[in-house]
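First residue of the sequence shown: 1, per my numbering; consecutive thereafter.
Honestly, the hints are just simulated from the structure, not real lab data.
For glycine and all other residues, C-beta sits at the position ideal for the given N, C-alpha and C.
Please note: incorrect hints may appear among the correct ones.
[Said to hold, decoys possible] Label-pair distances were calculated between CB atoms; the ranges are:
| id | residue 1 | residue 2 | range |
| --- | --- | --- | --- |
| 1 | Lys188 | Met83 | 38 to 44 Å |
| 2 | Lys200 | Arg85 | 43 to 49 Å |
| 3 | Gln148 | Ser287 | 26 to 32 Å |
| 4 | Asp139 | Ala198 | 20 to 26 Å |
| 5 | Arg85 | Thr242 | 23 to 29 Å |
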Amino acid sequence: MRDPWPLLKTTDFPTVSRASLEVLQVNLGYLCNQSCLHCHVAAGPTRKELMQQENIAHILEVLRQPTVHTLDLTGGAPEMNPMFRDLVVAARKLDINVIDRCNLTILLEPGYEDTAEFLADNQVQIVASLPCYIEDNVDGQRGKGVYQKSMQALKRLNQLGYGKADSGLTLTLVYNPTGPYLPPPQDKLEQDYKQFLAEKYDIEFNQLFTITNMPIARFGSTLISKGEFENYMNLLKDSFSTANMQGLMCLNQLSIDWEGYVYDCDFNQMLSMNIRHPDKRHKLHISEVLKTCLKDIPVSIADHCYGCTAGQGSSCGGAIA
1 MRDPWPLLKT
11 TDFPTVSRAS
21 LEVLQVNLGY
31 LCNQSCLHCH
41 VAAGPTRKEL
51 MQQENIAHIL
61 EVLRQPTVHT
71 LDLTGGAPEM
81 NPMFRDLVVA
91 ARKLDINVID
101 RCNLTILLEP
111 GYEDTAEFLA
121 DNQVQIVASL
131 PCYIEDNVDG
141 QRGKGVYQKS
151 MQALKRLNQL
161 GYGKADSGLT
171 LTLVYNPTGP
181 YLPPPQDKLE
191 QDYKQFLAEK
201 YDIEFNQLFT
211 ITNMPIARFG
221 STLISKGEFE
231 NYMNLLKDSF
241 STANMQGLMC
251 LNQLSIDWEG
261 YVYDCDFNQM
271 LSMNIRHPDK
281 RHKLHISEVL
291 KTCLKDIPVS
301 IADHCYGCTA
311 GQGSSCGGAI
321 A
C-alpha cells in the first residue's frame, strides 16, 4: 500500500485552535467483518488491534466531565470489541448520548444476531454506512453481497423502531463518494435516498450524512496508484470554503485510538498525528486528559484537512454547511 503521508505533511491550511471538549470519539479497534475500499482505517477481518479494559476505564472517567455529552464509537466494527456492550451500558448510565458507527452487515453475523436489540434497548444512535443507494455501487466499494445484507439489517432496525417518527431511536445513513469527487448536496441526496429506499424496500431512516473521502490510508493509496492523488488534492483545495472552518469537528472532539492515545480527529489518528502534551511534549494518552488543559491549543494540521472544508464541508456529523 502506498503511503500518502509524504504528500500531505507540507500544508498551507489555516491554523485551528481547540475549544471545550464535548464529544469523545473512540476507536475500539480495527477488527471488522468487511474490508472497504474507502475505509480510512484500513480495517478488516484479520486485524488484531482491540482496545482493552484499562483504557475503557479511562474513557468512562472522561465521560463524567460536565462538558462531555456524546460518546461516538467507531472501528473497524466497534461491536466486535468484546467490551463494546459493557462500555455502552456504562455510558448510558452516565446519561451520555452514545453513537454506534455501524456497517450494518455486522448485525447479521453469527454471534451478533441480538446486537440490534441491544442497541435499541439502550437507545443507542446508529450511524450506518451505506455509501450509495444503488446496489452495484455499494458492492463495488464494499464487497459482493454487502448491499442486500445492508437492506436486511435496515429492515430489522425498522422493525425495532429505528428510523420511525417519535420512536426515539435515531437511524442515520452515511454516504461516501465511490470515487475521487466531492459529495453532492446533502439535503438533496437525503431525499433521493429516502424516496428510493422507501419505494423499493419499504425502509425508513431519519437523516443522511455525506462525508468526503479523505486522501489517506487505503483510499489515499488507491489515488496514488491510479495517478489521481494530485488531481483530487487540487479539487479539495479549489473547493475550500472559509465558512466551514467554524464547524470543524476537531474544535470540540477528541479521537482516541485503540491503545488510548489522543488525536484531534480520527483522520489525524490514521496519520499518527498525535496530540502532544502541552508541556512534556510526549504523545498524550487518555489517562492524562483530565490533568491536561487542551482548550486553545493548536490542532495538528496537514493537507488532508482540506477534505473537511471543501464544498459543503465534511465531518463525522455530515456536511458542515
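We went through each hint and held it up to the structure:
Taking the beta carbon of each, Lys188 and Met83 are about 40 Å apart, inside 38 to 44 Å as hinted. Judged by the Cβ atoms, the range 43 to 49 Å given for Lys200 and Arg85 is violated: they are separated by roughly 33 Å. For Gln148 and Ser287, the hinted distance range of 26 to 32 Å is not satisfied, since their beta carbons lie about 43 Å from each other. Hint check: Asp139 to Ala198, Cβ distance near 21 Å, so the stated range 20 to 26 Å holds.
At roughly 43 Å, the beta carbons of Arg85 and Thr242 sit outside the given window of 23 to 29 Å.
Against the hints set out earlier in the document, violations occur for numbers 2, 3 and 5.
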